[in-house]
Amino acid sequence: MKKKNSPESEPSPSTSTKPSHLIHRPSPLNGSTGVTSNGIIPELKSRVRNKTTASGNMNSDDDGRGSSCSDRVADNEVSETLKSSESGDRIPRSKGILVPTKWQVLYFVAHTKALIIKRTGCELQVTDAASFPLFDIFQKSHCFRSTWILESYSRQVLVISDVSKTFASRRNEPQRFTVINAENETMGFFVTGDPFIIQNSERATVAHYNSFNAPESRLRSWHCVIDGTGQEICMLEHRKRDTYVVKFSGQLGFSLKLMVLAAAVQIAATPNMQTKSCCTLM
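For the sequence shown, the residue numbers in full-length UniProt numbering are 1 to 282.
Hints may contain errors.
[What the hints assert, rightly or not] Below are the DSSO-like pairs computed for lysine-lysine, each with C-alpha atoms no more than 30 Å apart in a straight line:
1. Lys247 <-> Lys140
2. Lys240 <-> Lys118
3. Lys240 <-> Lys113
4. Lys118 <-> Lys247
5. Lys247 <-> Lys113
6. Lys140 <-> Lys240
7. Lys118 <-> Lys140
It should be emphasised that the hints constitute simulated quantities derived from the structure, not laboratory data.
Since we're looking at a predicted model, the values are computed, not measured.
Please construct the entire structure, taking both the sequences and the accompanying hints into account.
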């Protein structure tokens with residue numbers, strides 16, 4: 001008997017009116033194809049396999065975490081993207097305007113050395129150096145607590161939630177945030193202040209931001225170092241009132257790099273590191 005080949009899913013053409021830019025593919029290290037400094041290709045492949053296996057058991061409600069038709073399309077696209085990257089080809093371009101999937105954005109972020117954070121009121125956007133949008137960040141406030149949602153083209157990436165104690169004890173204590181990924185897994189925690197502390201899922205400090213005033217600017221910038229060794233892994237430069245430049249250095253694992261970026265977003269969201277949110281009643 002001949003086995004029937006299952007049809008492959010093809011991404012539907014995008015109808016977005018956003019500017020068309022192609023996300024450039026990072027060059028492999030040491031001339032080898034598909035091998036990068038942080039091993040992101042195997043990690044993304046593992047995520048694609050896990051999501052494909054679990055797709056039949058996930059809830060059909062589309063809340064940014066469950067599997068859906070668009071998720072399966074995105075998984076197929078990232079699989080093709082990784083295959084083409086490993087063979088030295090460019091990211092496949094669909095007809096019309098190119099709108100990247102969430103996985104393509106994460107692939108780019110895993111390899112880039114610089115990003116830009118722009119703040120408008122209580123909303124922020126992360127772009128590449130050419131101002132191509134990658135993430136949108138918006139706030140949901142609940143009285144004296146706040147939650148920040150980080151999305152990539154309407155697909156949830158991170159949720160940063162305030163888990164500080166009650167209002168009575170907040171005045172003399174730093175804010176504490178928990179960082180949860182799209183699979184509802186706790187990635188780590190933030191403790192605001194100067195230094196701004198980054199903790200892993202076991203609440204062990206792995207890195208921290210320290211502020212400084214650059215000689216040529218009156219705006220406060222931050223540099224992030226590995227806890228214990230003091231190795232600098234990121235610089236958050238406050239270029240303009242509402243514009244920050246994130247510069248990564250060294251070799252970072254994908255999870256740590258995403259946490260460092262999320263911490264930079266949190267610092268940019270509260271430039272004075274105050275304990276109140278934009279909608280506070282204090």
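Each hint tested on the structure:
no. : hint              : verdict
1   : Lys247 <-> Lys140 : holds, 28 Å
2   : Lys240 <-> Lys118 : holds, 9 Å
3   : Lys240 <-> Lys113 : holds, 20 Å
4   : Lys118 <-> Lys247 : holds, 15 Å
5   : Lys247 <-> Lys113 : holds, 6 Å
6   : Lys140 <-> Lys240 : holds, 25 Å
7   : Lys118 <-> Lys140 : holds, 18 Å
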